[in-house]
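S.K.: Chain by chain, the residues run as shown.
2 protein chains.
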Amino acid sequence: MDDEIIDFISKIIPLTEDQISFIRSQNQFETYKKGTVLLSEGEFCKLNFFILKGCIRSYYIVEGEERTTEFYTERQSIIPISLVKNQPSEYYLSCLEDCVVAVSTAETSQKLIERVPKLESLIIQMHSQLLIEHQVSLDDFKNLNPEMRYKKLLERRPDLLQRVSLFHLASYLGITPESLSRIRKRITLK
Amino acid sequence: MDDEIIDFISKIIPLTEDQISFIRSQNQFETYKKGTVLLSEGEFCKLNFFILKGCIRSYYIVEGEERTTEFYTERQSIIPISLVKNQPSEYYLSCLEDCVVAVSTAETSQKLIERVPKLESLIIQMHSQLLIEHQVSLDDFKNLNPEMRYKKLLERRPDLLQRVSLFHLASYLGITPESLSRIRKRITLK
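Those sequence lines, one after another, are chains X and G.
Counting from 1, one number per residue, gives the positions in the first sequence under the working numbering.
Counting from 1, one number per residue, gives the positions in the second sequence under the working numbering.
The set of hints was computed from the structure by calculation and includes no laboratory data.
These figures come from a predicted structure and were not determined experimentally.
It is possible that some hints are incorrect.
[As the list claims (entries may be wrong)] Taking lysine-lysine pairs in the DSS-like style, the calculated list, with each CA pair at most 27 Å apart, reads:
no.	chain 1	residue 1	chain 2	residue 2
1	G	K85	X	K142
2	G	K118	X	K85
3	X	K53	G	K118
4	G	K85	X	K46
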């Protein structure tokens, strides 16, 4: 799995042999079984996550009900609010599939940046992409009706429909599973 | 105004006299009158904005109606989706007040980073903050009812209530101005 992260980085910034071994020595790869809860409401989080394989779902529990807010898949980062704000998490992170994840703390990230300074520009690029994705999600949620939101999700992230249950997808789209079934039937009939 | 940006940067990263003059020479400060439209649907954007004074609103036009998605104020960056994705903008940016803005292109940012490499870590910090703000906004929009959203906005950004019209605020909260008036009355009566 460490080859995959080296491959990802070196496509964007050139790495020396020395830097490659250092990245290998610093990265911690964790394997989590499907169903593992990585973060719970009320907990402090000290880790950033970068997904190499699998799918992680973030959700809140509001009035006893799970509300799914995001699905993170391969080559996406999770920067927990709890980590940046140093406050207890308001949401959960759990693995929808068996996952392989590169985890880092503020300290390990700092060490990596000292040794591979160009990583900073890679992080800026990745953050810009994430910012744009968040903004598009928020704007779509505000501007589109549920059917349009579903269609846009089909375009943007078709893989999610294969790997995420209708129940979680509906929650993510802010509708009931019954409404989502109706929307899917309508689209198939067209 | 350039003192303000120097002040902002030097609180986080130490700057030499040389770097200060370089930043002064590179930064372009623009003054825009209230009502100026900085970006329209269908246009390409080549600029990042960093607001020194004033308030900029982003909005879509959906079925002939303006839908406000964000208010950007002092010390916030605007990274237009159009710039990152190099595609025509789907939304508008316009000045709700007279504004002073530091604008930069990819080229000027690159030059600044070459001369002041530590700017990269400042950008990473700022992006992390922005990411968190976007994520909180999206999660709140999905999880909270309009009254709770309004109360949370009161806590997070009390200044907006003084400087933004009820009409735009209601649109931002995804409700009608009448519903917002009712919510405000209910809260005052409590």
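S.K.: Indicate, hint by hint, whether the structure satisfies it.
M.R.: How the hints compare with the structure:
no.	hint	result
1	G/K85 to X/K142	21 Å, holds
2	G/K118 to X/K85	22 Å, holds
3	X/K53 to G/K118	33 Å, violated
4	G/K85 to X/K46	31 Å, violated
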